[in-house]
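Chains as they are written, first to last, in this note's numbering: chain A, 1 to 248; chain B, 1001 to 1248; chain C, 2001 to 2248; chain D, 3001 to 3248.
For the record, the hints were derived by calculation from the structure and aren't laboratory data. In this text, a Cβ means the ideal position worked out from N, Cα and C, and glycines have one as well. Do not rely on the hints blindly, as some may be mistaken.
No farther apart than 16 Å at their CA atoms in a straight line, the calculated lysine to aspartate or glutamate pairs in the EDC-like style are these [to be verified]:
#, chain 1, residue 1, chain 2, residue 2
1, C, 2138, B, 1172
2, A, 138, D, 3062
3, A, 36, A, 58
4, C, 2011, C, 2023
5, C, 2013, C, 2035
6, C, 2013, C, 2217
7, A, 36, A, 62
8, C, 2036, C, 2058
9, C, 2138, B, 1167
10, A, 13, A, 35
11, B, 1138, C, 2167
12, B, 1036, B, 1058
13, D, 3011, D, 3035
14, B, 1013, B, 1217
15, B, 1138, C, 2172
16, D, 3138, A, 172
17, B, 1011, B, 1035
18, D, 3011, D, 3023
19, D, 3036, D, 3062
20, D, 3013, D, 3035
21, A, 138, D, 3167
22, C, 2011, C, 2035
23, C, 2036, C, 2062
24, D, 3138, A, 167
Sample of chain B residues at the chain D side, in silico, Cβ under 10 Å [what the hints assert, rightly or not]:
#, residue
25, 1110
26, 1214
27, 1215
28, 1220
Here are some chain D residues pointing at chain B (derived, C-beta under 10 Å) [said to hold, decoys possible]:
#, residue
29, 3110
30, 3193
31, 3194
32, 3195
33, 3214
34, 3215
35, 3216
36, 3217
37, 3220
4 protein chains.
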Amino acid sequence: MSIRVGVLGAKGKVGQAICAGVERAADLELAAEVDKGQRLEAFVESGTQVVVDFTHPDVVMDNLEFLIRNGIHAVVGTTGFDAARLDRVRSRLADRPEVGVLIAPNFAIGAVLSMRFAQAAARFYDSVEVIELHHPHKADAPSGTAYRTAALIAEARREGGVGISPDATTTELEGARGASVDGVRVHSVRLAGLVAHQEVLLGTEGETLTIRHDSIDRTSFVPGVLLGVREIAGRPGLTVGLDPLLDL
Amino acid sequence: MSIRVGVLGAKGKVGQAICAGVERAADLELAAEVDKGQRLEAFVESGTQVVVDFTHPDVVMDNLEFLIRNGIHAVVGTTGFDAARLDRVRSRLADRPEVGVLIAPNFAIGAVLSMRFAQAAARFYDSVEVIELHHPHKADAPSGTAYRTAALIAEARREGGVGISPDATTTELEGARGASVDGVRVHSVRLAGLVAHQEVLLGTEGETLTIRHDSIDRTSFVPGVLLGVREIAGRPGLTVGLDPLLDL
Amino acid sequence: MSIRVGVLGAKGKVGQAICAGVERAADLELAAEVDKGQRLEAFVESGTQVVVDFTHPDVVMDNLEFLIRNGIHAVVGTTGFDAARLDRVRSRLADRPEVGVLIAPNFAIGAVLSMRFAQAAARFYDSVEVIELHHPHKADAPSGTAYRTAALIAEARREGGVGISPDATTTELEGARGASVDGVRVHSVRLAGLVAHQEVLLGTEGETLTIRHDSIDRTSFVPGVLLGVREIAGRPGLTVGLDPLLDL
Amino acid sequence: MSIRVGVLGAKGKVGQAICAGVERAADLELAAEVDKGQRLEAFVESGTQVVVDFTHPDVVMDNLEFLIRNGIHAVVGTTGFDAARLDRVRSRLADRPEVGVLIAPNFAIGAVLSMRFAQAAARFYDSVEVIELHHPHKADAPSGTAYRTAALIAEARREGGVGISPDATTTELEGARGASVDGVRVHSVRLAGLVAHQEVLLGTEGETLTIRHDSIDRTSFVPGVLLGVREIAGRPGLTVGLDPLLDL
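With the sequences and hints as input, model every part of the structure.
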């Protein structure tokens, strides 16, 4: 039997991509689409089991309260969740212990896996550097993902008792060796024809390991959202981040 | 305090690389080198704590018996361990429960990590293929590592309920789509200037994840051996394969 | 002063991408858009200097006759040009020696450059193989571009007196070593999340050279078309293929 | 009939690699090896046709005078040739117009081809950046080759009327965007397990072209030297750099 899925923010660009993804999946059924100004009751009336919410920080808390109260699981990509908000969600869930809510800042499975693999491998290698490559319209360098990846790597190395990567550079043209994030070098490439790419390079005597993630479409969050939809009913309570679902 | 390390098969090519690695490591001390025809007692007399054995299937069982009896930990890269041999090692260890023995077929950390990451990621992607690239003197295609990697991927996908990778090919020049290992396509490149390389490509809607391992030196097993040397004292009993030490 | 550009087949998917490209270019001006059933005279009336034709083999010859007669240069991506058709275009141009016509089967600059570079490098390397990677909906393996690339490489090696790439394979799982195009091995990867990619690997003692082309968008022909638009006025007569414009 | 080759500086590391390369080549014959303190007449007595000179700036001019006077072609990798020295070689060759001398600063064919291809492609792409990756013992960043590659690219773009690569970065962690060589961004990675690698990335709407050179062995100059040995008899006079032999 297929899972009945509802989408909140269904008319937005992200919402449309999710609706299309649900419709393509054999094991999922698009039960209800709700956009700004439309009634949440549509989810109850249609027998929706899981709702995907990519809306706005201003409305997402009310949405979640409604869904939890009505025993509907939620998969949430809306931003703006701090510790206080997460606590409020947990307290609402206390009254409905059978309901599952997944809140994740990043639904791109490949980005999440890349970070985890880099973190797991970091302490076994003498050297590690990060290269991120994006389209030339990006305003920040390095990317938020590269920044987080480097910070996680640095932490894993500290915990593993591994020192900083060796580097004999004595003559450097300013900037050549990249930026340093907690001692991990990060290089940002900006190139027409690219979308969003990242490479973690790890090296030791005679061998290197490279973990590369290429995202060429803004819809690369869809498989992660659908994974959440499929698994959230089996995970009552609050789950933060995609990681726990990946069973690494 | 540094660990006192002995090397068995010290004059062989592999043994020499290990001796050099031990000498370069600040936390390890090369206590004794023993080669064919030389006395194992040198390890006892020198206060060796861990012995690395890259010798021959004909002598490795006797070596291990001697080491276990004398309370010396062992890190073993010698081949030829079947279930019966492993059982014999376990029964010897039963009398000396404080001794640790690590037996591994592959000490290249990157190869082991690659396989584990590929296995962990396999069920989240619609598609997966393996490309292995080696020097042109290699006799078998695909490589043993690629074969095993593909088999592990296939198993992970079966367990995760993921079908075979989609493929609309209707017109194929014979061999273009590679070999099939349990339904996973494997491509073997042979090229002058290469040593040993492998790429696992995983793809889903709008994104791909690539795990690449490059080994350019026959000494790429050294870091894995040294990892074993550092950790085996803390892991009494028999450990098979490098994986448990990698804490993935 | 900007070049006044007209587009034939302006309402098609390709035509729209070209119109958009022309409008984004500071040195080009979109003077006229003509689609099926509309009058070609619009080009003359608007003072169009160069027309881009991505239409249909059934109408392209009439289009060209009109354009040449009216002294308008043409950049043509429409397919179906055989030797006879090219001769007819040449004879029409004989009467109007100042007009330039460019007819090319492939406007992706990167694909054209990749082939040329692979061809130029082929004879200096002991080994060469081709890997092409595409989305899983592709029906043929290898791709037409990979097939042509391999054939050009094989020809360059024959002319350079270079033998076949060395290969010591004695045990092969069927298909592992790819397909053979004139003795050059070609591997076809099909993976969700990819679009159209190709890698030529060349190797000799201690070094490899890799030429990789990634096309992630169906609009990757636009820069090649605009290059043609900018240069065709300076190249009277018939030009076949993008290569002559690339001045390699 | 095979070419009779002599090696000057035959006992040095480079000289030994060249001797080994000559001996492996079916069409070449190692006729004479001469090292410091040994007589150059050995080349004449052994009927040597081409001499390879990887010696020292202090002796190379005397070597060349001897070789030219005796009608022996030369392939020279010794450094230290400025305009004055090249002029002296030319004037010596004026008396022996049938003798060929090749003097090149870099015999790695892949490095030379990479630079040429990057230069040829540079003006067709909106964006271009260079990533060079080396072992962590390297003192300078970027590498000399990356520096030269970027300068050649910048020059080709200026000549082609192409502006600087687009870049919307407004927030940069210091160094993230690399160094700027004549407006071309260059990134230097230093990683254990690497030797010497370089990637030129070119991008335009929807596509990228990557030219990558991997050198994993200090002997990667050998094929370029042997190419010189084979061709120099057919190129009387002075040839500077490997490029003219590559017929690009």
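Practice task
Could you work out which earlier hints the structure fails to respect and list their numbers in ascending sequence?
Solution key: Of the numbered hints given earlier, the structure breaks just one, which is hint 2.
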